[in-house]
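Please take these sequences and the hints and turn them into a complete structure.
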Amino acid sequence: MSNVGIVIVSHSPLVAEGTADMVRQMVGDEVPLAWCGGDPDGGLGTSVEAILAAIDKAWSEAGVALLVDLGGAETNSEMAVEMLPEERGGKVVVCNAPIVEGAVIAATEASGGASLQDVRRTAEELSAL
Amino acid sequence: MSDTDPRLRDIFETTAQAVIAHADELTELDAAIGDGDHGHNMKRGMQAVLDELDTLAAKPWDEALKAAGMQLVMKVGGASGPLYGTLFMTLGKSLDTPPTREGVAAALKAAIEAVMARGKATPGQKTMLDVLVPASEALAAGRSPAEVAEVAREACAATKDMLATKGRASFLGERSIGHIDPGARSSQILIETIAGKFGDVK
Numbered sequence: 001m002s003n004v005g006i007v008i009v010s011h012s013p014l015v016a017e018g019t020a021d022m023v024r025q026m027v028g029d030e031v032p033l034a035w036c037g038g039d040p041d042g043g044l045g046t047s048v049e050a051i052l053a054a055i056d057k058a059w060s061e062a063g064v065a066l067l068v069d070l071g072g073a074e075t076n077s078e079m080a081v082e083m084l085p086e087e088r089g090g091k092v093v094v095c096n097a098p099i100v101e102g103a104v105i106a107a108t109e110a111s112g113g114a115s116l117q118d119v120r121r122t123a124e125e126l127s128a129l
Numbered sequence: 001m002s003d004t005d006p007r008l009r010d011i012f013e014t015t016a017q018a019v020i021a022h023a024d025e026l027t028e029l030d031a032a033i034g035d036g037d038h039g040h041n042m043k044r045g046m047q048a049v050l051d052e053l054d055t056l057a058a059k060p061w062d063e064a065l066k067a068a069g070m071q072l073v074m075k076v077g078g079a080s081g082p083l084y085g086t087l088f089m090t091l092g093k094s095l096d097t098p099p100t101r102e103g104v105a106a107a108l109k110a111a112i113e114a115v116m117a118r119g120k121a122t123p124g125q126k127t128m129l130d131v132l133v134p135a136s137e138a139l140a141a142g143r144s145p146a147e148v149a150e151v152a153r154e155a156c157a158a159t160k161d162m163l164a165t166k167g168r169a170s171f172l173g174e175r176s177i178g179h180i181d182p183g184a185r186s187s188q189i190l191i192e193t194i195a196g197k198f199g200d201v202k
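Here the protein sequences line up with chains S and B, keeping their order.
Residue numbers for the first sequence follow the numbering used here, beginning at 1 and rising by one.
Residue numbers for the second sequence follow the numbering used here, beginning at 1 and rising by one.
Source of the hints: derived by calculation from the structure; they are not laboratory data.
Glycine included, C-beta positions come from ideal geometry on N, C-alpha and C.
Heads up, a few of these hints could be off.
Chain S regions said to be covered by chain B (calculated; three or more residues, Cβ under 8 Å) [what the hints assert, rightly or not]:
(1) 19-29
(2) 39-52
(3) 61-73
In structure tokens, the structure reads:
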């Protein structure tokens, strides 16, 4: 698929999955989408390993935009992006946007074939409101 | 490999065990001003380091530190994973083998700068940096291991009266005052334990 992919990273698998459900219902299947949530033991938290797997699942040559919730999700996501192979790392961004609204609006933008930069900018405009 | 060091296994093992032994205390500190998972997360990360001890002990210092850092990144599950992982990995990347005192001080400075970049934080925000930075400066100034440990202990205690402006505790604003920062405490435990391997620490 040539549309930008979306990855949702929450401390809670329920929040991540629910956000992904909303994206699917509101935007459809035109966008590669993956989610992850929970620490390596299944408690609340995030896992670099799971984030890397989600990026892989939602991979698109157009790039992947990550929507994250609190602190550790952002730090772990940035760590995961740095650990990607060089040819992929430059095509993955962490958006500074609210996770649910950001994911829906980023996916909407992505479904129209927007570039990674445009997807990110649209999501981040939410934070400026 | 020829440049393995018999002390490495002991230092990694003792340090990981010290953090694990304080897991409940770290979680209590975090419950007061954060999300109450710091001890649990650090315990999981350090247990992963212990699980890899045989592999780590067969490596030279730089490679062992990088590998231990990677364990923390992958296993901790909170922001402290990438933060401590970055600290250890950058230490490994910056360290000369065999390590010298000057080399360790320079590598620690580089590693702390990498942690600042990773966490987008600076000293004075009630974080692990408020222990790591003064301890690193004491080491660079040629202070003894016992003195470095003492600096870390005082710096950790001093986070109690600080206002958190970074991390989850910053959500609490003024209510963050009056509690020791859990990341500062885990950093202090690391420094005190490692310093104890190189000198008499009270």
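Status of each hint after checking the structure:
1. 19-29: Coverage by chain B is violated here, the residue count being 0 at a Cβ distance below 8 Å.
2. 39-52: With 10 residues closer than 8 Å to chain B, the segment 39-52 of chain S meets the three-residue bar; holds.
3. 61-73: holds (count 3)
When each numbered hint is compared with the structure, a violation occurs for hint 1 only.
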